[in-house]
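I would like the entire structure built from these sequences, with the hints used as guidance.
Residue numbering for the sequence shown follows my numbering, starting at 59 and increasing by one per position.
Be careful, since some hints might not be right.
[What the hints assert, rightly or not] With a straight-line cut-off of 20 angstroms between C-alpha atoms, the simulated EDC-like cross-links for lysine to aspartate or glutamate are:
#  : residue 1 : residue 2
1  : K637      : E151
2  : K473      : E498
3  : K575      : D530
4  : K245      : E109
5  : K245      : E124
6  : K184      : E124
7  : K184      : D657
8  : K123      : D270
9  : K376      : D502
10 : K157      : E234
11 : K476      : D502
12 : K245      : E317
13 : K519      : E532
14 : K408      : E498
15 : K547      : D460
16 : K192      : E83
17 : K408      : D419
18 : K184      : D659
19 : K440      : E498
20 : K575      : D543
21 : K125      : E138
22 : K521      : D370
23 : K189      : D657
24 : K372      : E390
25 : K189      : E83
26 : K408      : D369
27 : K245      : E234
28 : K157      : E138
29 : K267      : E151
30 : K476      : E557
31 : K245      : D180
[Said to hold, decoys possible] Between beta-carbon pairs, the in silico distance windows are:
#  : residue 1 : residue 2 : range
32 : K624      : G463      : 31 to 39 angstroms
33 : E486      : L425      : 46 to 54 angstroms
34 : K72       : F561      : 37 to 45 angstroms
35 : K575      : F646      : 14 to 22 angstroms
36 : S135      : N86       : 38 to 46 angstroms
Source of the hints: derived by calculation from the structure; they are not laboratory data.
Built from N, CA and C at the ideal position, the CB exists for glycine as well.
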Amino acid sequence: MEREKEKYMHLLAKEYPTRQAACREIINLNAILNLPKGTEHFMSDLHGEYEAFCHIINNCSGVIKEKVERIFAERLSPQERCGLCTLIYYPTEKLNALKEQGNLVEDWYRVNLQYLIAVAKDVSSKYTRSKVRKAMPEEFSYIIDELLHMQVDEDNNQIEYHRQIIDTIIHIRAAEEFIIALAELIKRLAVDHLHIVGDIYDRGAHPEKIMDLLMQYHSLDIQWGNHDVLWMGAAAGIPSCVATVVRNNIRYHNIQVLESGYGISLRTLVVFAGRHYHDADVMEAAQQAISVILFKLEGQLIDRHPEYQMDDRKMLEKINYDRGTVTIEGREYPLNRQDFPTVDRQQPYKLTEEEEEALSDLCQSFLNSEKLHRHVQFLCDKGGMYRQFNGNLLYHGCIPLDAEGNFEGIRLGDKVYKGKEYLDYADEAVRRVCLSEAVESERDFIFYLWAGQNSPLSGRKIKTFERMYLDDKEITVEKRNPYYDYYSKEYICNMILREFGLFSEMSHIINGHTPVKVSKGEVPVRANGKLIIIDGGFCKAYHKETGIAGYTLIYNSHGMRLNAHKPFESIKKVLEENKDIESSTDIFETEEKRIRVRDTDIGKTIKEQIDDLQMMLSDKK
59 MEREKEKYMH LLAKEYPTRQ AACREIINLN AILNLPKGTE HFMSDLHGEY
109 EAFCHIINNC SGVIKEKVER IFAERLSPQE RCGLCTLIYY PTEKLNALKE
159 QGNLVEDWYR VNLQYLIAVA KDVSSKYTRS KVRKAMPEEF SYIIDELLHM
209 QVDEDNNQIE YHRQIIDTII HIRAAEEFII ALAELIKRLA VDHLHIVGDI
259 YDRGAHPEKI MDLLMQYHSL DIQWGNHDVL WMGAAAGIPS CVATVVRNNI
309 RYHNIQVLES GYGISLRTLV VFAGRHYHDA DVMEAAQQAI SVILFKLEGQ
359 LIDRHPEYQM DDRKMLEKIN YDRGTVTIEG REYPLNRQDF PTVDRQQPYK
409 LTEEEEEALS DLCQSFLNSE KLHRHVQFLC DKGGMYRQFN GNLLYHGCIP
459 LDAEGNFEGI RLGDKVYKGK EYLDYADEAV RRVCLSEAVE SERDFIFYLW
509 AGQNSPLSGR KIKTFERMYL DDKEITVEKR NPYYDYYSKE YICNMILREF
559 GLFSEMSHII NGHTPVKVSK GEVPVRANGK LIIIDGGFCK AYHKETGIAG
609 YTLIYNSHGM RLNAHKPFES IKKVLEENKD IESSTDIFET EEKRIRVRDT
659 DIGKTIKEQI DDLQMMLSDK K
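So this is what it looks like as structure tokens:
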């Protein structure tokens, strides 16, 4: 350890060879510590809703609108302020629309450039000049830097200099490029870091577009959701995950994400389904075919892993094929369909040769999708089962508990995994699968993470078969892990936070996964402020149930606030009518003293750097 410290100090001395260089860096770092904390933006359960996600990313959950309102409250009308916001959100599209209307004249350029500079000045004020410069597009960085740091003097020299720069930009026909550059800089600086608290995939039409957008984002982390890990398993060619992903997307009428988004062919499955499920249309037949394949794979997997305690999920052996019924927990239920042409009653979980062929073809398609593998690699690089960030604990699903509120887990081999250790094991297993280094039991475990009642990502007893084949709604209710009975209690949240080494009174659990049913009186902030649930239902299918279209969380230097969003109409509507997404804000935690960089995780690192530099200086004496 001492040797490592010695080597580090040697490298540090090379980077700062003189006393003056080290002193300069100490002064700079101390100044940074006193800047306001950067804005964190939290989103969860995006579920492929690309347009809504794109808009909330562009408006930074209302941060930009808030700044425009404050800066121009006395100078611009409400409609003008909305127009300026739209220009910042979608500069290229807005400029094209104005061009078609013949409204792009010199005076418009001049006025709006001034407005954008004013907003850019405001959002850049909490950062060092160096950091702002690095965020600028390279081709305009010098000019933007000059415009942002204009100083008023008694002879108005700087004002005249500033005016001349803008006139020249307009004269050489670079105004549109410059506006786009300023708009992107504003959005880049409005949010310092983005957190995605799980479930990018499934239900909505374009998770692949969301992934493309995230890969361009300047600073983010991802907490994997159950749907994300399912896709990661499918990308690794795990048959049960492949079958589930295909089934889900057929069911959600989203086969375009498979075929167009990722180049995954369903042809072999569709041809096979057409031969055996004659009374259904093409996609219904495909859904039935892949569902039966999935139930067979589930049965095989459950037999391999009695430790999963999922015997009740082996449904094909519970069917009375003559009576058209299934027996669950001693009660007989009528099936609403009786098409099981490929099930051998003696060996119900054995795949037929045709099923093997269709499944193999699907698995190969997932393995060969270059775009999917790029996205999965990004999920691995930026993601994990949980994240500790600035004193908060972020995870998608749950920390499994037993009926008494104690940590519950799973026995794998000779060891029982609970609490933080359980999530760490799951994290490592997922990564090994993505790196093609996993053993078969770890590959099977990915499916357990998707479907297990004591899975930290699922936390409920999934009833795929019941929901598909039974009309009795009572039997389709999915029993949840006791975590969801306890997580509104402050002492439970404190127990979980302590398990992860978080003891501060200001620490929170930030949780996704379970939509908050606002229409039924549920609230997102629970356990005396210790728990914040930010799944408000981005997915359109949830809107009737929740009453809103998603929560997002903002954590800045002044405290925390939740935004509840109404359903987003369309980007086209925004451009035509300057109509922003309707949101209501709940500022539920305000700091007495403004939070500074010194109070953050980055601040701790900077303080360590300062201590090391001071030690190096004392050694130089």
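Hint numbers contradicted by this structure: Hints 3, 8, 9, 12, 19 and 33 not satisfied by this model.
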